[in-house]
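Peer 1: Spelled out from the first residue to the last, the chains are:
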Amino acid sequence: MWTFLHKLASPPHFYALAARLIPWLAGAGAIAILYGTFAGLFLAPPDYQQGDAFRIIYVHVPAAYLSLLAYVIMAVAAGIGLVWRMKLAHAVAASAAPLGAWFTFLALLTGSIWGRPMWGTWWEWGDPRLTSELVLLFLYFGYMALRSAIDDTARADRASAVLALVGLVNVPVIHFSVEWWASIHQGPTLVRAGGPAISTEMLWPLLAMIAGFALVFGALLLGRVRGEVLVRERRARWVRRLMYPEVETP
Amino acid sequence: MEILSMGGYGAYVWTAYGLTFGVLVLCAVQARRRHRRIVRDIRIRLKAAESGK
Numbered sequence: 601m602w603t604f605l606h607k608l609a610s611p612p613h614f615y616a617l618a619a620r621l622i623p624w625l626a627g628a629g630a631i632a633i634l635y636g637t638f639a640g641l642f643l644a645p646p647d648y649q650q651g652d653a654f655r656i657i658y659v660h661v662p663a664a665y666l667s668l669l670a671y672v673i674m675a676v677a678a679g680i681g682l683v684w685r686m687k688l689a690h691a692v693a694a695s696a697a698p699l700g701a702w703f704t705f706l707a708l709l710t711g712s713i714w715g716r717p718m719w720g721t722w723w724e725w726g727d728p729r730l731t732s733e734l735v736l737l738f739l740y741f742g743y744m745a746l747r748s749a750i751d752d753t754a755r756a757d758r759a760s761a762v763l764a765l766v767g768l769v770n771v772p773v774i775h776f777s778v779e780w781w782a783s784i785h786q787g788p789t790l791v792r793a794g795g796p797a798i799s800t801e802m803l804w805p806l807l808a809m810i811a812g813f814a815l816v817f818g819a820l821l822l823g824r825v826r827g828e829v830l831v832r833e834r835r836a837r838w839v840r841r842l843m844y845p846e847v848e849t850p
Numbered sequence: 031m032e033i034l035s036m037g038g039y040g041a042y043v044w045t046a047y048g049l050t051f052g053v054l055v056l057c058a059v060q061a062r063r064r065h066r067r068i069v070r071d072i073r074i075r076l077k078a079a080e081s082g083k
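Chains as they are written, first to last, in this note's numbering: chain H, 601 to 850; chain X, 31 to 83.
Keep in mind the hints are simulated off the structure, nothing from the lab.
If you're wondering where the values come from, they're calculated on a predicted model, not measured in any experiment.
For glycine and all other residues, C-beta sits at the position ideal for the given N, C-alpha and C.
Incorrect hints may appear among the rest.
Partial pick of chain X residues on the chain H-facing surface, computed with a CB cut under 7 Å [unchecked claim]:
(1) GLY37
(2) TYR39
(3) THR45
(4) GLY48
(5) VAL55
(6) VAL59
(7) ALA61
(8) ARG66
(9) ILE68
(10) ILE72
(11) ARG73
(12) SER81
All chains should be modelled from the sequences, with the hints used to inform the complete structure.
Peer 2: Okay, structure coming up:
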């Protein structure tokens, strides 16, 4: 087990393994998303209150989940990098940020589009769920801005890791915001006492979409980490051998 | 036609799906381009270092 983990953390091994994993993750994710989209749009019955507008749930909820998952991955990886000085962990953290920002942007955007017909407004300032999700977007922006402001990679890793860990408090705030404070946002659908509050015909496409988004996120993350590893290891022998075999002289 | 109208919410539903897939595709394109650029930059640097010897 430990030797496996040790091998996994070695950059050349990770670089090759990720390349093999990406097509499988992306392929499985695409299948799940195609099924979820089709079933969500055409097979699931309309909601008795929201009619067909509720179908936005199938893109909104997965995007929102991934916006949080990406942050947790980023902060945990940054923490591991900080404590154990593991370069690969910092590469994962740096790669998760832009993806997390995109998913947060999507969650806000699709939520706004859903809110317009249901709540009669695109945006509600001061609403705890909406505001805390917006704070998440700014945390991602702040993390990326801080990284790009520091030229030295090792220093950028450490400084941004602290920011990522401090910002972690926002994650439970987002999750519980609809329970702690009065919000126009509806309560939890899946993760709640008494089980999911949704019929099975509506539930399966949602689970498929969440799984599909997670798989596609995994593929995108691995792809970005590969690039990040190359940049960080650009002076290493294995990168030289990989990039430009003719140069390599024994 | 009924499918397109989505019970009167068609504009909202289709826009939300369109933007979502647009962003997912954009993420994939961005990741691929970034990787190609990184590989190209490293190759150029290595070549320059080799010819400078």
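Peer 1: Indicate, hint by hint, whether the structure satisfies it.
Peer 2: How the hints compare with the structure:
1. The restraint placing GLY37 of chain X at the interface with chain H holds, with a minimum CB-CB distance near 4 Å, inside the 7 Å limit.
2. Annotation: interface hint on TYR39 of chain X holds; nearest CB of chain H at approximately 4 Å, less than 7 Å.
3. A distance limit of 7 Å between C-beta atoms decides the matter here; for THR45 of chain X the minimum to chain H is near 6 Å, and the interface restraint holds.
4. For GLY48 of chain X, the shortest C-beta to C-beta distance to chain H is roughly 10 Å, which exceeds 7 Å, and the interface hint is violated.
5. A hinted interface residue such as VAL55 of chain X counts as satisfied when its beta carbon comes closer than 7 Å to some beta carbon of chain H; here the least separation is about 10 Å, so the hint is violated.
6. Residue-level restraint check for VAL59 of chain X is violated (minimum Cβ-Cβ distance to chain H is 11 Å; threshold 7 Å).
7. Hint status for ALA61 of chain X relative to chain H: holds, with the closest Cβ pair at about 4 Å, below 7 Å.
8. Given the 7 Å rule on beta carbons, the hint for ARG66 of chain X is violated: about 9 Å separates it from the nearest Cβ of chain H.
9. A hinted interface residue such as ILE68 of chain X counts as satisfied when its beta carbon comes closer than 7 Å to some beta carbon of chain H; here the least separation is about 5 Å, so the hint holds.
10. The beta carbon of ILE72 of chain X comes within 5 Å of a beta carbon in chain H, closer than 7 Å, and the hint placing it at the interface holds.
11. Interface hint status for ARG73 of chain X: upheld, as the beta-carbon distance to the closest one in chain H is roughly 5 Å, under 7 Å.
12. At about 10 Å, the closest approach between the beta carbon of SER81 of chain X and any beta carbon in chain H exceeds 7 Å, and the interface hint on this residue is violated.
Hint compliance for this structure: hints 4, 5, 6, 8 and 12 are not met, and every other hint is.
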